[in-house]
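Given the coordinates of chain A, work out where chains B and C should sit on it, guided by the hints.
Each chain, letter by letter, is given below.
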Amino acid sequence: MIKKTILLLIFSVILTSCVPYKQLEELGIINTRGVDVTENNRVETTIIAYQFDAQNPQITTSTTGVGKTIKGARENAGYNTNFELSPGQIRLELYGKETAEEGILEYLSTLVRDARVSDTMLVAISNITANEVLTVGQEELNTDVGQIIQSLIEKEVKEYSIPKTSLQHFLHIEADIGQDPVAPIIGLRNNKPAIVGIGAFSNDRLVGELHIDQAFLINTFLTNVKGTPMEISLPREPFVDFIFNNETNSMQPDKLEDKEHLTILVRISKGKGDITLKNIDDLHFEANVHLEVDLYESSELLSVKNKKIAAILEEEIEKEFKRQYDVLLAKLQEIDSDPLGFGGIYRTKKKGERLTDTEWREKYPNITVDFNVNVDLMHYGTIQ
Amino acid sequence: MRKRMKRSSKNVFPLKIDELEQLMKSEFDKSPDLSFSKYEHQNKKIAVFFIPYQVQPDRVENLLLTPLLESKEEWSNTAILNKIPLNSGKEYQQMDEILPGLIAGKVMIYIEDEAAVVSYDFLNKEKRSLEGAETESVVIGPKIAFTESLVTNLNVIRWNIRTPDLAIEEITIGKRAPREVRLIYLKSLANDTDVDTMRQRLNELDVDNVEDSNVLMQYIEDDSASIFPQFHTTELPDRTSYAILKGKIAVLMENSPSALIAPSTFFSFFESTEDLYMRWNSGSPLRFIRFMSMFISVVLTPMYVAAVTFHYEIIPTQLLISIGQSRAGVPFPPVFEALFLELMIELLREAGARLPTKVGQTIGIVGGVVVGTAAVQAGITSNILIIFITISALASFTAPSYQMGTSIRLLRFPMIVLAGILGLIGIMFGLCMLIIHLLKMTSLGRPYLSPIYPIRFEDLNKALYRLPQNFQYKRFISLSLKDSIRFSKRNAKEKKDIDE
Amino acid sequence: MEINVKIKPNMRIQAFYLFFIIVSMQIGVGILGVPRLVFSEAKQDSWISILVAAAYVIIVLLAMLLILKQYDNADIHGIHRDIFGKWLGKIFSTVYILYFAIAFYSVLLTYIEVVKVFVFPDVSNFVMGLLLISLTIYGVLGGLRVIIGVSFVFGVLANWILFLLIHPALQIDFNHYLPLFQAPFVDLLKGARATSYTFMGFEILFLVYPFIQNKNKVRISSLLAVTWSSLLVLSATMLAIGFFSAEQLERREWAVLVLFKTQSFPFVERFDYIVVAELMMVVVPSLLFLMWGLTYSMKRVYKVKQKLTLYVAAIIFLIGTFFFEKHFETQRVINFAEQFGFWFIYVYPFVLLPLVLLKKRLKKRKGAGSS
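Chains as they are written, first to last, in my numbering: chain A, 1 to 384; chain B, 1 to 500; chain C, 1 to 371.
No lab work stands behind these hints, which were simulated from the structure alone.
The structure displayed is predicted, hence computed values, not measured ones.
Every residue, glycine too, gets a C-beta built ideally from N, C-alpha and C.
Relax, there's no trap hidden among the hints.
Short derived list, chain B residues pointing at chain A, Cβ under 10 Å:
1) His311
2) Tyr312
3) Ile314
4) Ile315
5) Ile321
6) Ser326
7) Ala328
8) Gly329
9) Val330
10) Pro334
11) Ile421
12) Leu422
13) Gly423
Derived DSS-like pairs: lysine-lysine, alpha-carbon spacing no greater than 25 Å straight-line:
14) A:Lys278 to A:Lys350
15) C:Lys190 to A:Lys351
16) C:Lys116 to A:Lys22
17) C:Lys366 to C:Lys86
18) B:Lys143 to B:Lys358
19) C:Lys326 to A:Lys22
20) B:Lys25 to B:Lys45
21) C:Lys90 to C:Lys299
22) A:Lys350 to C:Lys190
23) C:Lys43 to A:Lys350
24) B:Lys482 to C:Lys8
25) B:Lys72 to B:Lys44
Chain A with its partners taken away, still in its complex shape (with noise of 0.2 Å):
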């Protein structure tokens, strides 16, 4: 008994003297980062932290560092706070705009080295600088900007707008050759941080700003969208004699040299998109979209009585989407970013060698595409 309690002195002396302690109230715990380049290729780092200080209510800080790495500007940016700055909480990295053009590559596989960090953390771009989104957003907002972006960024990929934009789904797609990731833009609306649109990389280089619409587009073929409100603009002229005219109380339509549009508001109850390869010689593709829409408001009393308004309808939207993803292919072509993944699919069916990421970049912009939209018209809402 007396051997073993010696043993056991010896063994806690020994533990004691080991691991230097980590306490939470100790460290600044970085919540957001945001990373430009600066002149001379200096990395300029603004980090939103948490600090946990008795004589200090206020527990989120800003403070910016330089350096030449990106642990070096961290370095830096922790001689302006008594804070160990520590990155294992870092929920949103948000990259500047000319830096993610030269591409970020760097500056996440630093973050997956580090097996710390959190690979769930979100990837996101702004069409400024990052500093300047995260420090003005900081002053106007006076909370925390960061937690902000995030419940922004978030919200729109639990309805399934925008892709999921995690580290590690970025990374995954980036290195999978023959798909590139897209990542949202963060912008300034009114001094306020506001998801601005879509950025479209090719590899990791940022080369194009895509409208926010689009990026549903592109999440129809990355996963099963599910609950997606979205505005569709269609030609007046197919509904005009199902529009209810309130002034005269009767399905004649109203005057109609002002509208030309309609508008109505659906949500997307399911969406699935998949590509097949039609023809691997002329790199023909074929792009199967199949949309369920429940209909929610309409600019003008439209009355969808029949099956054959309903019919009509579907078939204006169809019209609308695929309108639409042809812009979206012609764009995407025209820099080069492959983020609905066709070349993922070309690799599957290429046989003998390996495709390479340049091979893709010059057939890419060859390829054709056939987009088939399916849209089923399921519910109407309380009236009809």
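Only chains B and C this time, still in chain A's reference frame:
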């Protein structure tokens, strides 16, 4: 005979009454309690001696002295034994039987020149009446608890298990101050090896005295270095009879209000008879909650310490902010904070146990609410930790066995220290050590972690959860009983269609 | 040294536990790194490699069982003694002991490195070694019965980690498995060879066989064990291939651990930390069996008391943890263990089998001649 030098074993009879008086007075010279009265009856000298407070005086007078002295009979030992209508008459010749007999409430009668003393049993044992259980309180089911009187306890057990199959063996242990111990089991059920082991351990026990059955347990358990109790001690007769009927062995001890049950497994300590009285589908979750709370009680506070000291990454951001804010002003590292609070809880519990019930409750409120709030406001502890500590303290009190509950509560301290030194790795090290320890333990030579290891799938149904009675037609297989079938399995109900 | 081992009845174990013995020996730290190793050889056809490897393991296992069946109740040391005689047999048995030592050392170092990379970069090898070795000593002191209990209980308790893989499994990109059948045959074999370190461990059968009570169940139990471990390795590899892109997977040292990084719950943000800690429950049984194999073999071959070997070996290993701090040094130990084990576990039984059969036939003939 006289040559035998050992005083207590010499046979002194026959002798004169006065000689006997001298002898008895010298034996009891330091405690002048012996009542020694001499009577002349039909020309014979009769001495009646006893210790007054050990006997019931009016019964002695009515049942023994009156018939003895008012009769015209010429008394001899045989005449007394034959004529006096009492059933406990015995003859003693040796001093080492007479002296303990006096202490055990016997009245001795000696007729001059006879070769032996006649004794009758008039024990007057002061005892409290049967009361409800205090430490192991139950909501439904029988509530009486054992008392300090062995006879009463045996009476209760006998009345619970009304079969001649019940064996109650008597063993006396303790050299200086002997105590009676009873080994109770069902002859047709209990495993012979287990009974032999238990009997042997009791017989071979070579100690001066044993204070209580909880002490007895420590003398005879398998591994005295372990923190876990290896035999179950309970104050519920209900529970004891349940265990005996399951084929286990119980040990009752004079002057001890708790019974030992052996062999016990780790899981049996979390078993309450209430689980039986509840229906199976409400009993099983309750037992599951007890297992869960044991785990929570051991792991929750260490997890907090580990997360706050080393692994802030695993805390979700929102929780991190509130933990961080509450930790902000605390001047100690989390380990000391946690140890301090755990110590406070232990203080409260200990004070509550010592103080009278009503004061104890007040102390609980003062300690828990007032000191807790003040500690948080003074900034020496964080309020989130107080929540964790309270939950784990509560959880540790759910164990139906007080001994096991205490073991689990004490286990937290080394776990907290390990968590404070090596974080999650330390906790896992502690858990691994604990499980290996449990695997190494035995109770009466049977694996402590049974029926998990060695695995007995049929026993899981009783040890970990309960199924409807129809599924419990077997007794514990791991106990290797003589008869492991409780009842023949009822035939499956005929399958009926709807509306038939 | 007798060829056949007499085991007291209370030391006997059921063949049922053989499943847990073999699984806990096979599934250890090896499975964490195996996806990368196989993938870098066989690419998306890794599953074929693993199936090939599993089939080969089953063949080896059947050969081992055939060898053991030729004797009443012998273990590998008794067989060595019988086939090679006193001195040569001792040499072969010593190689076996060395193998246990090296395997123990490699498992120890790998787990320490995982902890250092994922949880505590600053922890010293010595402290981690002290923890694991004290667990080993404590467990081995309990004897084979307790060690098997540990492998059983820990084996059951550690399984909940598998549920954490559901989340990454839902994010699999099935295109990563396509196109099928691209890897040349040589690469497939290379991929199969890369799993050898992971699949090691079933050789413990050579030692525990005499302890088993119901010998008729040995075959089914051990085959199920090997199948289950192969399934685990296969699904871990497939998950990693589906989850990571090729480029990522080739660079991730412990891809399986990274899979856990994406799972989060409202009360726990990061599960990889908990999984690394929980891995101790996976590693300790292997350590216990390897240490037990070492001490028991020493007793069988050299008649050294098990306790003595245990304490001496523990001290040597503890000192040994000082010397391999760097990643590539650890890798060298693992590679050495792998090379060593490959010839010894996967090839050697096929050398032994004909010798045993030959010897038996000779004996029979002799027996027939004399009678």
